[in-house]
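Going down the list, the sequences are from chains A and B. Under the numbering used here, the first sequence has 19 at position 19, and the numbering climbs by one with no breaks. To get the numbering used here, take the position in the second sequence, counting from 1, and add 44.
Just so you know, the hints here were simulated from the structure itself, not pulled from any lab data. Among these hints, one or two may not hold up.
Stated by the list, open to error - Chain B is faced by these chain A residues, among others (derived, beta-carbon under 8 Å):
#, residue
1, L8
2, V15
3, Q34
4, V37
Claimed, not checked - Examples of chain A residues lying across from chain B (beta carbon under 8 Å, computed):
#, residue
5, L5
6, S7
7, A11
8, M13
9, A14
10, L30
11, L33
Said to hold, decoys possible - SDA-like cross-link-like pairs, simulated, lysine to any residue; straight-line CA separation at most 25 Å:
#, chain 1, residue 1, chain 2, residue 2
12, B, K130, A, L30
13, A, K41, B, E193
14, A, K41, B, E274
15, A, K41, B, D192
16, B, K130, B, R188
17, B, K130, B, T278
18, B, K130, B, E193
19, B, K130, B, F114
20, A, K41, B, F114
We treat Cβ as the ideally placed atom computed from N, Cα and C, and that holds for glycine.
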Amino acid sequence: MLNGLQSLTVAYMAVWAIFFGYQFSVGRRLRQLQDEVERLKTRR
Amino acid sequence: MADGAASVVESTGQQKWGPGIVETLGIAALVAFAGYAALFIAPTERTMGVIQRIFYFHVPSAWTGFVAFFINLIGSIAFLRTRNLKWDRLAVASAEIGVAFFTVVLVTGPIWARPVWGIWWTWDARLTSSFVLWLLYVCYLLLRTLVDETERRAVVSAVFGIFAAFDIPLVYFSIWLFRTQHPQPVIGQGGSLDSRMLNVLLLCWMALLGVMVLLLRQRVRLETLRHSVEQLRTESARDAGAE
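For reference, chain A alone in the conformation it holds in the complex:
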């Protein structure tokens, strides 16, 4: 079983992973949509 310090470290890493993962997901979707807007604008 994890001791207190190990549990704290795991929790701390999990928090950063969730926020960075979410930020990465939003950034990726933004880039995809920006590319799509550019593509649709040039096609018109």
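Since chain A is already given, all that's left is putting chain B on it; use the hints.
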């Protein structure tokens, strides 16, 4: 390009919606200092020891998640009143961010519970209602993927958003209303939190609120872009049909 789509595309510009670099650096510094304070400045709790420090990101994440879900409620009501899609974009952005913060709550809670309670999870009122709250907003996000028409999607999700918000007070007051294994409130009525712990807790909350504001702006920008893509596609299809 039609005026509507043009204005939407212009409004998605980085300068209008994207967070400024100074703002981002300021919040990053606040997050770094809050993290340092949570780990090194706050005193170590006597009975639980170092594991209690999870409290400094578990509790502020829950509070920030509540704020995000409350913004979703405001956006949902405002959309149903005005039928202005900007409120729908705010609602979906805040719902997704609320889910992210509550994911932190539901992950850090069991990591704390295992060494302190000896179990990862128990189906008591606070834990169950928190999990249901997270599930409701995941369903809200899934529901949006099932409706294609923009206006209809906004109406359906606004109604569902208002329904989901009924669980927010239930989660918050569950520790007073039911017998629960979850710790009792440590601030406010009956709270006995050390003032240094309280200051670090509030600092961590401010830092996470800052993160929420940055994410919210970016997420609203994403939704605005999505809306402009839908409009541009419709106009392209119309132009192709006219030719």
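With the threshold set at 25 Å, check whether the alpha-carbon distance from A:K41 to B:F114 stays at or below it. violated, 36 Å
Satisfaction of hint between B:E193 and A:K41, Cα-Cα up to 25 Å: holds, 22 Å
Are A:K41 and B:E274 close enough, with their CA atoms no more than 25 Å apart? OK: A:K41 and B:E274 at ~12 Å, within 25 Å.
Hold the hint about A:S7 up to the distance rule: shortest CB distance to chain B must be less than 8 Å. holds, 5 Å
Would you settle whether the hint for A:L30 is holds or violated, based on the nearest Cβ-Cβ distance to chain B being less than 8 Å? Since the shortest Cβ distance to chain B is 5 Å, the answer is holds.
Double-check A:V37 for me: the hint is only fine if its C-beta lies closer than 8 Å to a C-beta in chain B. Because about 6 Å separates A:V37 from the closest Cβ in chain B, which is inside the 8 Å limit, the hint holds.
CA of B:K130 to CA of A:L30, is that 25 Å or under? holds, 17 Å
Could you check if A:A14 really has its C-beta closer than 8 Å to a C-beta on chain B? holds, 5 Å
Pairwise hint evaluation, B:D192 against A:K41, where the allowed Cα distance is 25 Å at most: Given pair A:K41, B:D192 holds - Cα atoms ~22 Å apart, limit 25 Å.
For the hint on A:L5, just tell me whether its beta-carbon gets within less than 8 Å of chain B. Hint holds; A:L5 Cβ to chain B Cβ min 5 Å, cut 8 Å.
Next item in the hint list is A:M13. Is there a CB on chain B closer than 8 Å to its CB? With a closest approach of 10 Å, the A:M13 hint is violated.
Let's test the interface hint: is any C-beta of chain B closer than 8 Å to that of A:L33? Holds - the Cβ of A:L33 comes within 8 Å of chain B, reaching about 4 Å at its closest.
Going down the numbered hints, you'll see the structure goes against 8, 20, while the others check out.
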